[in-house]
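Colleague: Starting from the known structure of chain A, arrange chain B on it as the hints suggest.
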Amino acid sequence: MAARGCGGVWCRVLQRGPGGSCSASRPRRAVACNARGGAVPLGQSGLAPWAAVVGLEIHAQITSNSKLFSGSQVQFAAPPNSLVSFFDASLPGTLPVLNRRCVEATVMTGLALNCTINKKSLFDRKHYFYADLPAGYQITQQRVPIAVNGSLSYSLCKDNKMSQMVTKTVRIKQIQLEQDSGKSLHDDARSQTLIDLNRAEGQLRVDANISVHHPGEPYGVRTEVKNINSIRFLAKAVDYEIQRQIKELENGGTVLNETRAFDSKLGCTVPMRDKEGKQDYRFMPEPNLPPLILYDAKSLPANVNHQQVVNIDWIHERLPDLPSVKRAKLVELYGILPEHSFTLVNEDGLMDFFEDVVKQTQMKPKKVIGWILSDLLSHLKQHSLTAKESPISSFLLADLLNLLENGDISSSAAKQVFEELWKGEGKTPLEIVKEKQLELIQDQEELEQICQAVIDEREKEVMAIKGGNEKVINKLIGLVRKATRGRANPLLVKQILEKKLSE
Amino acid sequence: MLKGYISPYNATVVQKLLDGGAVLLGKTNLDEFAMGSGSTDGVFGPVRNPWSYSRQYKEKIVPRSDSEPENSNWVITGGSSGGSAAAVSAFTCFAALGSDTGGSTRNPAAHCGVVGLKPTYGLISRHGLIPLVNSMDVPGILTRCVDDAAVVLGSLAGHDPKDSTTVQDIFQPFALPSLTDVSKLSIGIPKEYHAPGLSSEILAVWSKAADLFKNAGAKVVEVSLPHTHYSIVCYHVLCTAEVASNMARFDGLEYGHRSDMNKSTESMYAATRREGFSDVVRGRILSGNYFLLKQNYEDYFVKAQKVRRLIANDFVKVFGSGVDILLTPTTLSDAVPYVEFIKEDNRTRSTQDDILTQAANMAGLPAVNVPTALSGRGLPIGLQFIGRSFQEKQLLTVAKWFEKQEMKYLLCIQILQISGYTHHQKDEFQTSSGERC
Numbered sequence: 000m001a002a003r004g005c006g007g008v009w010c011r012v013l014q015r016g017p018g019g020s021c022s023a024s025r026p027r028r029a030v031a032c033n034a035r036g037g038a039v040p041l042g043q044s045g046l047a048p049w050a051a052v053v054g055l056e057i058h059a060q061i062t063s064n065s066k067l068f069s070g071s072q073v074q075f076a077a078p079p080n081s082l083v084s085f086f087d088a089s090l091p092g093t094l095p096v097l098n099r100r101c102v103e104a105t106v107m108t109g110l111a112l113n114c115t116i117n118k119k120s121l122f123d124r125k126h127y128f129y130a131d132l133p134a135g136y137q138i139t140q141q142r143v144p145i146a147v148n149g150s151l152s153y154s155l156c157k158d159n160k161m162s163q164m165v166t167k168t169v170r171i172k173q174i175q176l177e178q179d180s181g182k183s184l185h186d187d188a189r190s191q192t193l194i195d196l197n198r199a200e201g202q203l204r205v206d207a208n209i210s211v212h213h214p215g216e217p218y219g220v221r222t223e224v225k226n227i228n229s230i231r232f233l234a235k236a237v238d239y240e241i242q243r244q245i246k247e248l249e250n251g252g253t254v255l256n257e258t259r260a261f262d263s264k265l266g267c268t269v270p271m272r273d274k275e276g277k278q279d280y281r282f283m284p285e286p287n288l289p290p291l292i293l294y295d296a297k298s299l300p301a302n303v304n305h306q307q308v309v310n311i312d313w314i315h316e317r318l319p320d321l322p323s324v325k326r327a328k329l330v331e332l333y334g335i336l337p338e339h340s341f342t343l344v345n346e347d348g349l350m351d352f353f354e355d356v357v358k359q360t361q362m363k364p365k366k367v368i369g370w371i372l373s374d375l376l377s378h379l380k381q382h383s384l385t386a387k388e389s390p391i392s393s394f395l396l397a398d399l400l401n402l403l404e405n406g407d408i409s410s411s412a413a414k415q416v417f418e419e420l421w422k423g424e425g426k427t428p429l430e431i432v433k434e435k436q437l438e439l440i441q442d443q444e445e446l447e448q449i450c451q452a453v454i455d456e457r458e459k460e461v462m463a464i465k466g467g468n469e470k471v472i473n474k475l476i477g478l479v480r481k482a483t484r485g486r487a488n489p490l491l492v493k494q495i496l497e498k499k500l501s502e
Numbered sequence: 000m001l002k003g004y005i006s007p008y009n010a011t012v013v014q015k016l017l018d019g020g021a022v023l024l025g026k027t028n029l030d031e032f033a034m035g036s037g038s039t040d041g042v043f044g045p046v047r048n049p050w051s052y053s054r055q056y057k058e059k060i061v062p063r064s065d066s067e068p069e070n071s072n073w074v075i076t077g078g079s080s081g082g083s084a085a086a087v088s089a090f091t092c093f094a095a096l097g098s099d100t101g102g103s104t105r106n107p108a109a110h111c112g113v114v115g116l117k118p119t120y121g122l123i124s125r126h127g128l129i130p131l132v133n134s135m136d137v138p139g140i141l142t143r144c145v146d147d148a149a150v151v152l153g154s155l156a157g158h159d160p161k162d163s164t165t166v167q168d169i170f171q172p173f174a175l176p177s178l179t180d181v182s183k184l185s186i187g188i189p190k191e192y193h194a195p196g197l198s199s200e201i202l203a204v205w206s207k208a209a210d211l212f213k214n215a216g217a218k219v220v221e222v223s224l225p226h227t228h229y230s231i232v233c234y235h236v237l238c239t240a241e242v243a244s245n246m247a248r249f250d251g252l253e254y255g256h257r258s259d260m261n262k263s264t265e266s267m268y269a270a271t272r273r274e275g276f277s278d279v280v281r282g283r284i285l286s287g288n289y290f291l292l293k294q295n296y297e298d299y300f301v302k303a304q305k306v307r308r309l310i311a312n313d314f315v316k317v318f319g320s321g322v323d324i325l326l327t328p329t330t331l332s333d334a335v336p337y338v339e340f341i342k343e344d345n346r347t348r349s350t351q352d353d354i355l356t357q358a359a360n361m362a363g364l365p366a367v368n369v370p371t372a373l374s375g376r377g378l379p380i381g382l383q384f385i386g387r388s389f390q391e392k393q394l395l396t397v398a399k400w401f402e403k404q405e406m407k408y409l410l411c412i413q414i415l416q417i418s419g420y421t422h423h424q425k426d427e428f429q430t431s432s433g434e435r436c
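Chains A and B, in that order, give the protein sequences. Residue numbering for the first sequence follows numbering that gives the first Met the number 0, starting at 0 and increasing by one per position. Residue numbering for the second sequence follows numbering that gives the first Met the number 0, starting at 0 and increasing by one per position.
Here chain A stands alone, though its shape is the one from the complex:
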C-alpha cells in the first residue's frame, strides 16, 4: 500500500470577551475569532460563553518511489490496478517490508514540526472490513508513533489586514506512519463499487474533530467530520459544526459522538449513515514488523552499515530551511515587509524569481517587490500559471526595471511594456519601448511647452490651484501625462507646473 503520514493537530479557538474580569451582573457578549481573525459571536448574547476545540487528522501521502510496505512503484495517474504487488493484493504468505525513505520522510516532518522523535516506535494492526482494504486490517502506529509533541507557529491576519499579523501556535500531537487504502469508485448506475489498489485519491486529506464547551468545564462530546476536500471547505465545515453544536446545546439537546460528512454544496455537516455504535478496531501489534529503532549520533553503534540505519541527526543536518527561516532571511536581506515574505515563500517558485530579478537589476528590492507581488503575481494568477511558467523571464523583467530605474521610461510606460512582454512575442523591453515610442521626453523645452499648453487650456483648474487648492495640480499632471502618452516624468512635470503656476 502507498505510504501515508498522519498528523494530529489540536488548536484552541478561544473566545474573546470585551475585556476585564467576568462579572455576573453584566450580560457578556461571547465572541470568538474565526479563521480570519474576525470577531464572531458564539451563541446567543447573554448566555454563558463557549469555547470550541478543534483537532485535525491530516493524511499526507509521502513522495517516494515505492510504497510503504511493498516494493511496488508509486506513480501518479497510472492505469487502475497496474501497480499492485502480491502484498498489496493481500495474497496469503506475503509480509510487509518497511520502506526506508518513508521513515526518513517522517523523521524530517517530525523535526520540521518540532516533535520529539521516538527512537523506538511500534507498528499495529487496525482491523475493519472494507473493500478498499484487502487484508482486512491497516498497518498503522497506534501505540507508539515515530514523532510526538510538536508544535507549529503560524500567523493570522487580524481583520484581513496583512499589516496586523498575530502569531499563534498549534500543538502537534503525533505523526505516525500508516498504510494507505485503495481507491473506491462508486458506480451507482450499476450498484457497484470498483476498487483500484494502486493507492487512494488525494495527496492531502483532512478529517476534523470538533467539540464545544464552557470555559472551565470539561470538554464536550466531539464529532468527527469527514469528506472535506479543500482548506476553504475545512474552515466552512469547522465553523458550521461549531455553530451547530452550540445551537443544539443551547436548545437543550445533546451532541452525539458521531461521524458526520461535510456537504460542500449546502455548506453543512450531515450524519453519515451506517454508523451504528462505535467501531472496535481490535488493535493488535503487527507481528511481522519488529520495533523500529532510530539512532542519533550518540546512540549509533560502531561498525554499522550506513544503509541499514536511519540517523536522526544526519537527517536534521540536511533539513532545508523551514519557511519561517526563509521568510526571516528575506526580510533581513532585502528589507521587504514580513507580509511580503509570506507571499514570496508561499507561491511556488516566486521567491527564486524575485531573487533572480534582484540580482540582475539596480532597482532596490523594496521597489522590485511591488512589481513581483502586484504586476507579475496578478497576471500569473489570472492565467493559472506558476512563476516558473511565467512568459516574462526574470531576465526580461530585470531589464525592464533597469529602464525604469535609469529614468528612461515612466512607471506608467513600464506597465505598458510589461503588458507587451506578457504576450511573450520575444521582444526585449527596449525594443518595445522604441516601437511604441514610450521613452521619457528628455527635452526640457518640449515638456515646458506641453505643460504650458495644458495650463492655457485649463483656466478653471489653474484658478483653483492659485486659490489654494493644491491637490488639483494632480489633475493637470494627469492631463500632461495623457498628452505625452505617458512619456513625461511626473516629478519633472510637477516641478514645471508648480514653477509656472507660481509665476
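In short, the hints are calculated from the structure, not lab data. All of these numbers come straight from a predicted model, not from anything done at the bench. Keep in mind that the hints are not guaranteed to be accurate.
Taking lysine-lysine and the DSS-like style, the derived pairs with C-alpha atoms no more than 30 Å apart in a straight line are [to be verified]: (1) K426(A) <-> K387(A); (2) K246(A) <-> K277(A); (3) K119(A) <-> K302(B); (4) K2(B) <-> K125(A); (5) K262(B) <-> K182(A).
Far from chain B, some chain A residues (derived; all Cβ distances over 12 Å) [claimed, not checked]: (6) A47; (7) V220; (8) K325; (9) Q361; (10) S373; (11) K498.
Ideal placement from N, C-alpha and C gives every residue a C-beta, glycine not left out.
Modeller: Below, chain B alone, put in the same frame as chain A:
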C-alpha cells in the same frame, strides 16, 4: 477457502530448494490452515498414518469384532503437517516441509517415526508461509534421519529481506560432527513435562533415554520450567487473536472462493467466509476477535503476552544455569486410531496434544523430534530435544548421537519391515550421508 487458488509466487523456502536442485514431487495434505493436531480436518479428508499398514502394527491389533470393516482401525498421523510426515515415513521422498506453530511438525514426526525439526524463530524465512500465528510460526523440516535434516536446514536458513523477522546474521551451513564423547554435555529433564495423560510407555522410553545419556557420561539433571502449565491457555489466546487477524484477508474479493451472494459487499463477505471456512477456523476467529475487543484486550491479549514472557524466561534461566539441551517426550501417547480421535473436537484435541511441544514455539527455541522406539501397539514413539536459540548445530549434534544409540537401531530395522519389505532390500534405503538407516 483457497480451493483452486494457485499462488503466483514461490515461498522463499520452496524457491531455495528449487534453486538448490531439489525436485518437487508433490504437495501434501494437512489440517486446514494448520489448525489441528491430527491432520484430520483438511478439505481433502484425513491423512492416514503409513504405520497403520505396517506389519508391526497389524500384528499387534486385536480385532474388535468380526463385523468391523478391514481398515477401520487405521491411525492418524498427528498434525497439522501430517501429510508431509506420512510422505517421508512412507519413503516417497527424501524430505518434506511442514510448518510448526505449536508442534505441527514435531507431533506428526513422532507419530510417523521420522525426524521433525522446528528451527529457531527468525532463522528461516516465512515469506510464502500462510501465517497461523505470525509470532510463532516457523517452516518445519521432516526427514528420515538427523543428518538429512541438517542438509535441508543448510539450504533454507538465512536472512530474507522479504521477511523482516529473519535475523541479519549470516548463516553458515554445517556438517554434523559425529559425537563420541558426551561427558561435557548437560541434559536437562524438565519435571513439568511429566504431564497428566502421559502414557506409561512413553514415560518409560523417556526414562531409558535419560539413562542412556547418564551411562555415557553426560550430566543429566532434573530442571523446572514452572510456567509450563500456563502455556496452553496462553497459547490459545495469542493463537486465536492472530488467527482472527490473519484470516481477515479471506473475503473472496481478490482471490480464492467467492460466494454467489451479491446483495451487498458485506453480505458477500459474510457468506464467503461462512462457506469457505471450516467450523474449526470460524471458532478460532470468533474467539480471537473476542480477545481483541478493546474491553478485553488488557485482560486477555496483554496478559497472555506477559505470561509468554514468563514461559520464555523459564528456558532462559535453565539454559543459563549450565544445561545445554532439554530432553522431553514429544507426544502423550502413540498415534490413536482415527475413529477414536474424532470423538473429541479439534480444540480439545489440540489442547491435549500441544502441551509438550508448544512452549518451544512460545519461546522461539529450536526443537527436534527423534524417533526412538516402537510402542506396544507397534507404532512409533519419539522424544524431543530442545536447544538454545540459534544453536541448531549443537541441538542436531546431540540428536544425531542419540539417533545412533541402540534404542534407535532397533527401531530402524523394524521400519524396513513395513508392508512386507524384506531384509535384503535394506541396501536401497541409503541416506544422503551414506549411512545406513
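Colleague: Does each hint fit the structure? Answer for all of them.
Modeller: Hints, verified against the model:
1. Pair hint K426(A) plus K387(A) holds up; C-alpha atoms about 19 Å apart against a cutoff of 30 Å.
2. Between K246(A) and K277(A) the alpha-carbon distance is near 24 Å, which keeps this suggested pair within the 30 Å criterion.
3. Of the supplied pair hints, the one linking K119(A) and K302(B) holds, its CA atoms being roughly 22 Å apart against a limit of 30 Å.
4. Only pairs whose Cα atoms come within 30 Å are accepted, and K2(B) paired with K125(A) is accepted, the gap being roughly 28 Å.
5. With a CA separation close to 21 Å, the supplied pair K262(B) and K182(A) stays within the 30 Å bound.
6. Every beta carbon of chain B lies more than 12 Å from that of A47(A), the smallest distance being close to 35 Å; the non-interface claim holds.
7. For V220(A), the requirement that its beta carbon stay farther than 12 Å from each beta carbon of chain B is met, with the minimum near 18 Å.
8. Listed as a non-interface residue, K325(A) keeps its Cβ farther than 12 Å from every Cβ of chain B; the least gap is roughly 38 Å.
9. Interface exclusion of Q361(A) from chain B stands, the closest Cβ pair being 59 Å apart, more than 12 Å.
10. Non-interface status of S373(A) relative to chain B is upheld: no Cβ of that chain comes within 12 Å, the nearest being about 54 Å off.
11. For K498(A), the requirement that its beta carbon stay farther than 12 Å from each beta carbon of chain B is met, with the minimum near 86 Å.
The structure fails none of the hints (numbered hints given earlier).
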